[in-house]
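For the record, the sequence lines run as chains A and B.
Sequential numbering of the first sequence, starting at 2, is according to this note's numbering.
Sequential numbering of the second sequence, starting at 37, is according to this note's numbering.
To be clear, the hints were calculated from the coordinates, so they are not data collected in a lab.
We treat Cβ as the ideally placed atom computed from N, Cα and C, and that holds for glycine.
Warning: the hint list may mix true and false statements.
With a Cα cut of at most 20 Å, we get these calculated EDC-like pairs of lysine to aspartate or glutamate [what the hints assert, rightly or not]:
id: 1; chain 1: B; residue 1: Lys46; chain 2: B; residue 2: Asp86
id: 2; chain 1: B; residue 1: Lys46; chain 2: B; residue 2: Asp149
id: 3; chain 1: A; residue 1: Lys23; chain 2: B; residue 2: Glu91
id: 4; chain 1: A; residue 1: Lys23; chain 2: B; residue 2: Asp58
id: 5; chain 1: A; residue 1: Lys137; chain 2: A; residue 2: Glu116
id: 6; chain 1: A; residue 1: Lys23; chain 2: B; residue 2: Asp61
id: 7; chain 1: A; residue 1: Lys23; chain 2: A; residue 2: Glu76
With the C-beta cut set under 7 Å, the calculated list includes, among others, these residues of chain A facing chain B [said to hold, decoys possible]:
id: 8; residue: Glu15
id: 9; residue: Val19
id: 10; residue: Leu36
id: 11; residue: Thr37
id: 12; residue: Thr40
id: 13; residue: Arg41
id: 14; residue: Arg65
id: 15; residue: Glu80
id: 16; residue: Met105
id: 17; residue: Gly109
id: 18; residue: Gln111
id: 19; residue: Arg112
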Amino acid sequence: MALPSLGEMSIGSEMDIVTARKAVREVATALGFGLTDVTRAVTAASELARNIYTFAGQGVMHWRILNGPSGAGLELTFEDHGPGIPDVELALQPGYTTSKGMGMGLPGSQRLMDELEIHSVVGQGTTVVVRKWRKK
Amino acid sequence: MSHENITVVKVRDVLLVTMPPDPDDTTISALQTEAIEAMERHRARGLVLDISAVETLDSFFARTVAETTRMIALMGGQTIVAGMHPSVAITAVQLGLTLGSAQTVLSVDRALDRLAAAPPRR
Chain A
2 MALPSLGEMS
12 IGSEMDIVTA
22 RKAVREVATA
32 LGFGLTDVTR
42 AVTAASELAR
52 NIYTFAGQGV
62 MHWRILNGPS
72 GAGLELTFED
82 HGPGIPDVEL
92 ALQPGYTTSK
102 GMGMGLPGSQ
112 RLMDELEIHS
122 VVGQGTTVVV
132 RKWRKK
Chain B
37 MSHENITVVK
47 VRDVLLVTMP
57 PDPDDTTISA
67 LQTEAIEAME
77 RHRARGLVLD
87 ISAVETLDSF
97 FARTVAETTR
107 MIALMGGQTI
117 VAGMHPSVAI
127 TAVQLGLTLG
137 SAQTVLSVDR
147 ALDRLAAAPP
157 RR
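Construct the complete structure from the given sequences, taking the supplied hints into account.
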């Protein structure tokens, strides 16, 4: 199957969250991820896409296939120009929330993926990068 | 794009809702409203939520199920979630999700057995 090695889609509605999940499921499955890792990546994407929709209203998800020294991986980048996160350390604490959510999105996504990085500037926006490597 | 519809089916005195594989937020919110309205309309003893087709359970979905369970409990009913996939269960635990006080069983059959065994609603 010919799979483009990168792509992007905008996140600006509830339906876009579903579309983002479908895109991640398709790419992760085509990469040869096992069902549980596909589910982990799709669920993390759902949390991070919803963060964009809830806090920034609008943003973009980029995905990219990686060829690391230890094999193939999937990188997802969630970028917005929303309010930003004043304290990233705090936002990564389970249960910390500024919305009516459960405060599971960021720390949970960190546990579901192999790597998570956050770059955020208050008043400018937030970029969250997550990676998952294919198990051998 | 329109959201998928939620159908609440009455089986004896129990409500049964089958969730689609990848429900959007509107569909999940509709589940809550329609289930509690159907509870009153049918004087049901509880709700069975069949999630055996569900591929993604995220925090929004889990929170809505937990809230719905509390609402149904306040109305005097039980909520049983049936048929969670192993990959969904693994992911839910790692993400830190719970379904509140909803009971969970392997299949709709077992959910109906459990509700049939429960004391009748006053």
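Here is what the structure says about each hint:
{"no.": "1", "hint": "B:Lys46 - B:Asp86", "in the structure": "13 Å, holds"}
{"no.": "2", "hint": "B:Lys46 - B:Asp149", "in the structure": "15 Å, holds"}
{"no.": "3", "hint": "A:Lys23 - B:Glu91", "in the structure": "11 Å, holds"}
{"no.": "4", "hint": "A:Lys23 - B:Asp58", "in the structure": "8 Å, holds"}
{"no.": "5", "hint": "A:Lys137 - A:Glu116", "in the structure": "17 Å, holds"}
{"no.": "6", "hint": "A:Lys23 - B:Asp61", "in the structure": "14 Å, holds"}
{"no.": "7", "hint": "A:Lys23 - A:Glu76", "in the structure": "15 Å, holds"}
{"no.": "8", "hint": "Glu15", "in the structure": "4 Å, holds"}
{"no.": "9", "hint": "Val19", "in the structure": "5 Å, holds"}
{"no.": "10", "hint": "Leu36", "in the structure": "5 Å, holds"}
{"no.": "11", "hint": "Thr37", "in the structure": "4 Å, holds"}
{"no.": "12", "hint": "Thr40", "in the structure": "4 Å, holds"}
{"no.": "13", "hint": "Arg41", "in the structure": "5 Å, holds"}
{"no.": "14", "hint": "Arg65", "in the structure": "21 Å, violated"}
{"no.": "15", "hint": "Glu80", "in the structure": "20 Å, violated"}
{"no.": "16", "hint": "Met105", "in the structure": "5 Å, holds"}
{"no.": "17", "hint": "Gly109", "in the structure": "4 Å, holds"}
{"no.": "18", "hint": "Gln111", "in the structure": "10 Å, violated"}
{"no.": "19", "hint": "Arg112", "in the structure": "5 Å, holds"}
The structure is inconsistent with the numbered hints 14, 15, 18, although it conforms to all the rest.
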